[in-house]
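Residue numbers (my numbering), protein chains in the order written: chain A, 19 to 130; chain B, 16 to 128.
A hint or two may mislead.
Unchecked claim - Which residues of chain A face chain B? A few of them, derived with a C-beta cut under 7 Å, are: (1) Leu62; (2) Tyr94; (3) Gly114; (4) Tyr116; (5) Tyr118.
If you're looking for bench data, these hints aren't it; they were derived computationally from the structure. Just so you know, even glycine gets a beta-carbon here, dropped at the ideal spot from N, CA and C.
This is what each chain is made of:
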Amino acid sequence: KQEVTQIPAALSVPEGENLVLNCSFTDSAIYNLQWFRQDPGKGLTSLLLIQSSQREQTSGRLNASLDKSSGRSTLYIAASQPGDSATYLCAVCPSGTYKYIFGTGTRLKVLA
Amino acid sequence: GAGVSQSPSNKVTEKGKDVELRCDPISGHTALYWYRQSLGQGLEFLIYFQGNSAPDKSGLPSDRFSAERTGGSVSTLTIQRTQQEDSAVYLCASSQHLSYEQYFGPGTRLTVT
Chain A
19 KQEVTQIPAA LSVPEGENLV LNCSFTDSAI YNLQWFRQDP GKGLTSLLLI QSSQREQTSG
79 RLNASLDKSS GRSTLYIAAS QPGDSATYLC AVCPSGTYKY IFGTGTRLKV LA
Chain B
16 GAGVSQSPSN KVTEKGKDVE LRCDPISGHT ALYWYRQSLG QGLEFLIYFQ GNSAPDKSGL
76 PSDRFSAERT GGSVSTLTIQ RTQQEDSAVY LCASSQHLSY EQYFGPGTRL TVT
């Protein structure tokens with residue numbers, strides 16, 4: 019059974035710091051992995067999607083990597099800003115099904 | 016263009032009543048997903064549609080839950096005989112095809128009293 023874990027559960031950093039959020043999954047048989055952010059009381063916003071054949075994806079200050087064999091993905095945020103404060107969620111799409119499995123998220127606070 | 020919309024945004028209902036939650040996906044998106052997010056919990060997958068077909072309904076928590084999609088567009092999630100444990104935010108997402116990037120709606124907050 020696929021399980022997705024995100025560490026740390028919460029993170030507080032000063033503005034301008036580079037930071038890494040971690041996502042690990044137990045079964046490497048996946049179609050893809052997607053990173054989202056969720057602002058309080060809002061829906062989810064897609065950040066990056068990495069297909070199983072890819073190693074990384076970049077969008078602006080965000081870079082996501084995928085190491086399928088070790089069951090790990092990282093989301094790198096460069097030069098963090100207070101507007102980056104949100105909960106970050108990763109989700110994996112297991113091969114053979116489209117029943118996405120989400121991690122419990124990392125709650126990020128960037129201090130001005 | 017318009018994103019995913021959901022209605023109502025908030026719903027308060029009495030225990031035992033039926034409720035219908037609606038999702039309007041992005042036009043042209045063939046895949047549609049329903050999730051539930053309970054207070055302090057992660058997102059729980061409920062069901063997905065490819066077109067009007069739902070190949071796997073095993074994520075639905077009980078037989079009180081059902082969903083349908085018509086015309087390859089609007090989807091309705093119905094909860095019969097609501098219970099207090101059904102209180103949660105119900106989120107809908109759509110994607111151009113299965114396993115493509117998902118776009119989420121703002122959710123419906125359901126409170127069962």
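Status of each hint after checking the structure:
1. Leu62: 4 Å, holds
2. Tyr94: Interface hint status for A/Tyr94: violated (19 Å vs cutoff 7 Å).
3. Gly114: 10 Å, violated
4. Tyr116: With a closest approach of 5 Å, the A/Tyr116 hint holds.
5. Tyr118: At about 6 Å, which falls below the 7 Å cut-off, the nearest Cβ of chain B leaves the hint on A/Tyr118 intact, so it holds.
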